[in-house]
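*Asks:* In order, the protein sequences belong to chains E and C. The first sequence runs 132 to 603 under the numbering used here. The second sequence runs 132 to 603 under the numbering used here.
Rather than coming from a laboratory, the hints here were simulated on the basis of the structure. Just to be clear, a hint being listed does not mean it is correct.
The list treats identical chains as interchangeable, and a pair is accepted whether it falls inside one copy or across any two copies.
[Stated by the list, open to error] Listed next, the in silico DMTMM-like pairs over lysine to aspartate or glutamate satisfying Cα-Cα at most 20 Å (straight line): (1) LYS286 to ASP231; (2) LYS492 to ASP467; (3) LYS286 to GLU232; (4) LYS469 to GLU449.
2 protein chains.
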Amino acid sequence: MVTTAFVDRLRDIVGADWVLTDAASRHEYGADALRRGHPADVVVCAGRTADVSAVARLCTEMRIPLVPRGAGTGFSGGAVPLHGGVVLSLERMNRILEIDEANLLAVVEPCVITGDLQDAVEAVGLFYPPDPASLRRSSIGGNVAECAGGPRAFKYGVTRQYVLGLEAVLMSGEVVQTGGKVVKNVVGYDLTQLLVGSEGTLAILTRITLRLIPKPPAVATLRAMFPSVRAAVDAVGGLVRARVVPSTMEIVDRATLEAVARSLGDRTLAPEGTDAMLLIEVDGLAELVEAEAIRVASACRNAGATEVLRAANDAERESLWRVRRGISPALMVIADLKINNDIVVPKGRVPECFDLIDRLKAEFDLPMPSFGHVGDGNIHVNIMVSPDDPDAMRRAREAEAELFRGVVALGGAISGEHGVGFTKAPYLGLGLDAPTIGLMQAVKQAFDPLGLLNPGKIFPGRTGGADAGSGP
Amino acid sequence: MVTTAFVDRLRDIVGADWVLTDAASRHEYGADALRRGHPADVVVCAGRTADVSAVARLCTEMRIPLVPRGAGTGFSGGAVPLHGGVVLSLERMNRILEIDEANLLAVVEPCVITGDLQDAVEAVGLFYPPDPASLRRSSIGGNVAECAGGPRAFKYGVTRQYVLGLEAVLMSGEVVQTGGKVVKNVVGYDLTQLLVGSEGTLAILTRITLRLIPKPPAVATLRAMFPSVRAAVDAVGGLVRARVVPSTMEIVDRATLEAVARSLGDRTLAPEGTDAMLLIEVDGLAELVEAEAIRVASACRNAGATEVLRAANDAERESLWRVRRGISPALMVIADLKINNDIVVPKGRVPECFDLIDRLKAEFDLPMPSFGHVGDGNIHVNIMVSPDDPDAMRRAREAEAELFRGVVALGGAISGEHGVGFTKAPYLGLGLDAPTIGLMQAVKQAFDPLGLLNPGKIFPGRTGGADAGSGP
Chain E
132 MVTTAFVDRL
142 RDIVGADWVL
152 TDAASRHEYG
162 ADALRRGHPA
172 DVVVCAGRTA
182 DVSAVARLCT
192 EMRIPLVPRG
202 AGTGFSGGAV
212 PLHGGVVLSL
222 ERMNRILEID
232 EANLLAVVEP
242 CVITGDLQDA
252 VEAVGLFYPP
262 DPASLRRSSI
272 GGNVAECAGG
282 PRAFKYGVTR
292 QYVLGLEAVL
302 MSGEVVQTGG
312 KVVKNVVGYD
322 LTQLLVGSEG
332 TLAILTRITL
342 RLIPKPPAVA
352 TLRAMFPSVR
362 AAVDAVGGLV
372 RARVVPSTME
382 IVDRATLEAV
392 ARSLGDRTLA
402 PEGTDAMLLI
412 EVDGLAELVE
422 AEAIRVASAC
432 RNAGATEVLR
442 AANDAERESL
452 WRVRRGISPA
462 LMVIADLKIN
472 NDIVVPKGRV
482 PECFDLIDRL
492 KAEFDLPMPS
502 FGHVGDGNIH
512 VNIMVSPDDP
522 DAMRRAREAE
532 AELFRGVVAL
542 GGAISGEHGV
552 GFTKAPYLGL
562 GLDAPTIGLM
572 QAVKQAFDPL
582 GLLNPGKIFP
592 GRTGGADAGS
602 GP
Chain C
132 MVTTAFVDRL
142 RDIVGADWVL
152 TDAASRHEYG
162 ADALRRGHPA
172 DVVVCAGRTA
182 DVSAVARLCT
192 EMRIPLVPRG
202 AGTGFSGGAV
212 PLHGGVVLSL
222 ERMNRILEID
232 EANLLAVVEP
242 CVITGDLQDA
252 VEAVGLFYPP
262 DPASLRRSSI
272 GGNVAECAGG
282 PRAFKYGVTR
292 QYVLGLEAVL
302 MSGEVVQTGG
312 KVVKNVVGYD
322 LTQLLVGSEG
332 TLAILTRITL
342 RLIPKPPAVA
352 TLRAMFPSVR
362 AAVDAVGGLV
372 RARVVPSTME
382 IVDRATLEAV
392 ARSLGDRTLA
402 PEGTDAMLLI
412 EVDGLAELVE
422 AEAIRVASAC
432 RNAGATEVLR
442 AANDAERESL
452 WRVRRGISPA
462 LMVIADLKIN
472 NDIVVPKGRV
482 PECFDLIDRL
492 KAEFDLPMPS
502 FGHVGDGNIH
512 VNIMVSPDDP
522 DAMRRAREAE
532 AELFRGVVAL
542 GGAISGEHGV
552 GFTKAPYLGL
562 GLDAPTIGLM
572 QAVKQAFDPL
582 GLLNPGKIFP
592 GRTGGADAGS
602 GP
């Protein structure tokens, strides 16, 4: 239990200014982008690794849950203190410690904003590819904890591929150093990769070493309109067969296009006869970009594209991206609640995935505008619903469960980017069998024997999922 | 203890033909490329996952060590049964189960030979980049267990980057399925990545799903000669600064060049005034390759290359690769024993690494021909010694320990490709602190509570390292 004496000891560790106990802060730090939170008992803002270590040790001593928090932009409730206790905010640990051009790496504290790091490294001709939609607000630490993806993952891979080393604090207060500054390292188990995507349930990340690559000197952006989702997916298949590797291949379906057209007041964004849009980028040396852009346009036309545009300059590029960037706000005009699923199927099965979505739309009578990273088979299926309509909410939950079952049947997974958190914890057993879940729980036990670090996440149980309060 | 009754039960599982107890087999399967082995008590050749599971369960019941074995080409003794017991050979599980062109992946059994898989996927225009020197003899399962690298890792990454999913058997006999056929997957802990590089100490791999990429349609191979190692490394630095990403950047030092020249009877391979050679390849679309080959040649000349050759065709390409491919046999003419170290430093510190090697050569009066993957900072330092000269052997072991200390001081790691096995186990604490090693041991405990799977590997202790017999 969080007592006054406990709070005083927290103040001794980080200083009184950095311990928040007022109701507004406890609620603010108890929610993330999911908007279904649970208030913290107390919020602590750590300034350095030693603070994190001391707070973890104290929580272990007092048997109080601890939930690490980056920028709070997660969609699966990863930073929500389901069981109360301490929310340990890392927001003060936000420095870029090193950009090492000779070794192509950066060392950062966990709460550097991803977009800020990208700007800093691009200023010296380097590149940090992972680009989750939240990159202007989300932190590298959160990106690592959730293994964030983004449009560029088809060519460049996800966050995991860029993490070389970590400093992490265990609930015992011990500080471990995993990996390092080399890209090849086979000394002992790869705890770095185990911690990436562990959703703050194994250790608290306090320092991150990231691999960088040269910034591609040129980029071409193309937009193609298709009469059907299947035609758009055929174009992607054509590119795969032509062995072209675009940096980005985004698909946007008719329902999403209409929402964006309405929201931006521009009917031309969803022309008659268009059921799907592809936004494709190729990047690299200028010579390569020219050659690949031609191949992309031709694959789109061969698959039946009714229109193919290529941006001639940065302004036109920005204009082509308008639809993709405008999706999130636009969808909110359809309904108040967007149940944002980030399912993933093997890329060749994307057409079947869209067939499944069509069936669910009809069966559950709900709008499900969908878009996503078609090259990865990672589709965002947004079940739009009014939270004030209990029947629609019931249908939405049933549709979601049916979506997850269908995706697993297609050889896919229930989450490609957002993580399990507590929202998908009840569904963990859909894609993983009992021995595999048992092994994951044994790993959790090895890191956090008392189960105090971010409890109620990933694993199903009476504490996770649907029981969570609706929060602040 | 391995009794007749135990061997009979093994025969019941896999059939009498697949249980070997003769001395020749027990010795043969007790050694790997390290050539310091320990005989198995019994060798079992499993034909399918159910066999592996039943053998593991039996070994657990009888408390008998089990050592999984692929093609037996490892350099750190990973497949050596230090404590006797069962060697479980997977050589019969050698089928390519699926090459899925639409989804850019392959599913294989563990003992597919790496080069055979490469040939099969290249025949359909796809590419499996990891290319350890042993690729014509080593197996995918072994490559995954050790996280094999190779020359192409600078551009394409190591084995880890291509493993999407695994079927693995625990010592309990339970079969777990990790990951799958999607490239984005954040459902639960990434046990796939934890198992990659775990050196057969956590689970036995029985099925592997690999990511493929399009085969680069063109390649250019260049060879440049330099008056000094530093000039060669400067050329590499120039390429990094010019943001060129070759697929291969191999460095070969003077001592190695001389050995190869002698072995192949071709003095022109080690011309007067040449202290280092770079072998560089760029690959991709033809347009890109042309542009990058020009940049490579110019970076080499700017750094002081005395000669830059570019292969005009496959025959010339093969001729340029002659030196690199001829190294291993050539070095054996210097001395009977090659203590083959695969240290790695941050790429910018390669010059300091070569300074260190020069110092050790002088201090310990031993030949140390060195070559390797300079783009990754991964250098093979071969300490050449006669095993019949006890004083030289003592100096070699001291030089190796000093090399490891120096590499860690440069921010590097003691192994970039070969793994820890038992040969480097005594040095684990050089690069990893006690809490990190403790955490790795807790992970081992979670997978293998009785410590029966491949004992004596990775972790230091009375059983590992120098105590091992010299074997068959």
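*Asks:* Determine for every hint whether it applies to the structure shown.
*Replies:* Do the hints match the structure? See the list:
1. LYS286 to ASP231: between (24 Å within a copy, 18 Å between copies)
2. LYS492 to ASP467: within (17 Å within a copy, 72 Å between copies)
3. LYS286 to GLU232: between (22 Å within a copy, 17 Å between copies)
4. LYS469 to GLU449: Neither: 26 Å inside a copy, 58 Å across copies.
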